[in-house]
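Given chain A, work out where chain B should sit, using these hints.
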Amino acid sequence: MNGQTGAARSSRPGQDASEDVQRNVADLALLDRMRGGDEGALATFYDRWSDRVYSLALHLLREARDAEDIVEETFWQVWRNSARYDAARGSVGTWLLTICRSRALDRIRARRRRPEDATLDDAASVESPAPDPGSEMVTSETGRIVRQALAELPDEQRQALELAYFRGLSQSEIAEKTGQPLGTVKTRVRLAMVKLREKLGVLQEARP
Amino acid sequence: MSQPWTHDQTMSELGAYALDAVSPDERAAIDAHLKTCDSCRAELKAMSDAATALASTVPLHPMEKDRSVAVKQRLLDRARAEKRVVTPIQSVTIPARTRRLPWWLAAAASVAFAVAAYKAIQTGRERDALRTELVTESIRSSALKDSLAERERTLLAMAGADVKVVELVANNRRPNARMFWAQSTNTWTMFAHNIPVPPQGRTYQLWLITREGTRISAGTFMPDQSGSAVVSAQYPLASDALQMIAVTEEPAGGVPQPTGEVLIAGQPR
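Quick mapping for you: the protein sequence lines, in order, are chains A and B. Add 26 to the 1-based position in the first sequence for the numbering used here, that's all there is to it. Add 64 to the 1-based position in the second sequence for the numbering used here, that's all there is to it.
The reader is advised that the hints may include incorrect statements.
In silico DSSO-like pairs for lysine-lysine, Cα to Cα no more than 30 Å straight-line [as the list claims (entries may be wrong)]:
no. : chain 1 : residue 1 : chain 2 : residue 2
1   : A       : 225       : A       : 203
2   : B       : 109       : A       : 203
3   : B       : 99        : A       : 225
4   : A       : 225       : B       : 109
5   : B       : 109       : A       : 221
6   : A       : 221       : B       : 99
7   : A       : 203       : A       : 221
8   : B       : 109       : B       : 99
If you anchor each label on the Cβ, the simulated ranges turn out as follows [unchecked claim]:
no. : chain 1 : residue 1 : chain 2 : residue 2 : range
9   : A       : 224       : B       : 125       : 22 to 32 Å
10  : B       : 140       : A       : 91        : 12 to 22 Å
11  : B       : 289       : A       : 135       : 24 to 34 Å
12  : A       : 48        : B       : 301       : 41 to 51 Å
13  : B       : 289       : A       : 54        : 35 to 45 Å
14  : A       : 61        : B       : 289       : 32 to 42 Å
15  : A       : 91        : B       : 325       : 16 to 26 Å
16  : A       : 180       : B       : 317       : 14 to 24 Å
To list a few chain B residues with every Cβ distance to chain A over 10 Å, as calculated [claimed, not checked]:
no. : residue
17  : 92
18  : 142
19  : 233
20  : 240
21  : 246
22  : 262
23  : 271
24  : 276
25  : 288
26  : 298
27  : 302
28  : 303
What the hints contain is simulated information worked out from the structure, not anything from laboratory work. Fair warning: this is a prediction, and the values are worked out from it, not measured in the lab. Ideal placement from N, C-alpha and C gives every residue a C-beta, glycine not left out.
Just chain A, same shape as in the assembly (with noise of 0.2 Å):
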């Protein structure tokens, strides 16, 4: 795929946060030209990010024509929504991954709605992304600490954040889930999020 970036490539600890901004600073200028019609933009900005919109979509629906609808999806919804892009919110590419598990969060909603399709059941499988931070999978700075803060974290408060941001579950059915009550898994969603918060302070403080 043409110009597959850094976003979604292997990448060596220390020149990810410089990296980082130029990539920021290079899709900020494609969002500009979206603005503008400019559908070769559009092009490239798809280039440069689709693998990781697919990849985040189907880690989430598990189904890879499902996946391809909500990449389609994300990047009609950033052609479409470009000047509504707040920097103020985070990067581009938060941006993206964060309309991306939206739309596919939405798609596991309906069908849990649908009684012949999935029940809350079906969250009881989800996988771990591997915390493992000397994978070869690891893609970014970001992406080797968060999975060394998943991997610190005590199964169930990692279980919780899992089933809550893969599986779009609420605390109520986390709960329901795992059998525990509410105030027990408001608790360990909170540590959980406390703790990678904390472990990404310490990234941003290290960035220029």
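Here is chain B on its own, set in the frame of chain A:
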């Protein structure tokens, strides 16, 4: 929402909020507190970054090359097609404060329904005469400020000689709608009734489906309190190209292709 949440209450739930894992009531309480608390907003930004960072742990699994190329091509085709539409889409939701159709529009709609039925058995000349009478009567009796041109356009969109009418129905017969497709002006005007309020964060989206299977979004809309809505759009389509019109429930803001349940649908006769 009962009691406003305290700062500590809100702070303890911001991680779950960032994961979109709170209940609607909790979300409303947190939203209310966020409006007045800078430190909670800053904390939410950090929590949101942390939540999004979880995506970076997902192993890379590229799409098959030919399929990725196909998705990209569809996107570019759609982007180009969108540029060709002169007036892409205009959705109209009845303003909350009125909650009802403007009287002249409601009257025009009712009369236009009669005109549509009339059309099946009358000649074009008789219909034109009726339309002229309708417009004349509407103009004469109007005490409102709505422009004559706007009323004329609306009536033409529903009662013109080239108007095709499509009925949209649901299995349980409650929600229903009529679409008036004025082919000479590429104008689509739909009047929907008995439409239930969609869940929070959801909306309704109107689709024109061609015989080739292309699904064209004609905009999103929400019903008013009485369950009614009017949606208008302009889109050029060959007279024999329409296969079906459908309304689906979708995420707020709409989607490029339908994903949700079909609420109502109908085919041209």
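Status of the hints after comparison with the structure:
| no. | hint | result |
| --- | --- | --- |
| 1 | A/225 - A/203 | holds, 28 Å |
| 2 | B/109 - A/203 | holds, 29 Å |
| 3 | B/99 - A/225 | holds, 27 Å |
| 4 | A/225 - B/109 | holds, 15 Å |
| 5 | B/109 - A/221 | holds, 15 Å |
| 6 | A/221 - B/99 | holds, 26 Å |
| 7 | A/203 - A/221 | holds, 23 Å |
| 8 | B/109 - B/99 | holds, 14 Å |
| 9 | A/224 - B/125: 22 to 32 Å | holds, 29 Å |
| 10 | B/140 - A/91: 12 to 22 Å | holds, 20 Å |
| 11 | B/289 - A/135: 24 to 34 Å | holds, 26 Å |
| 12 | A/48 - B/301: 41 to 51 Å | holds, 45 Å |
| 13 | B/289 - A/54: 35 to 45 Å | holds, 42 Å |
| 14 | A/61 - B/289: 32 to 42 Å | holds, 36 Å |
| 15 | A/91 - B/325: 16 to 26 Å | holds, 19 Å |
| 16 | A/180 - B/317: 14 to 24 Å | violated, 38 Å |
| 17 | 92 | holds, 14 Å |
| 18 | 142 | violated, 7 Å |
| 19 | 233 | holds, 21 Å |
| 20 | 240 | holds, 23 Å |
| 21 | 246 | holds, 26 Å |
| 22 | 262 | holds, 12 Å |
| 23 | 271 | holds, 14 Å |
| 24 | 276 | holds, 18 Å |
| 25 | 288 | holds, 24 Å |
| 26 | 298 | holds, 18 Å |
| 27 | 302 | holds, 24 Å |
| 28 | 303 | holds, 28 Å |
In this structure, the earlier hints numbered 16, 18 are contradicted, and the remaining ones agree with it.
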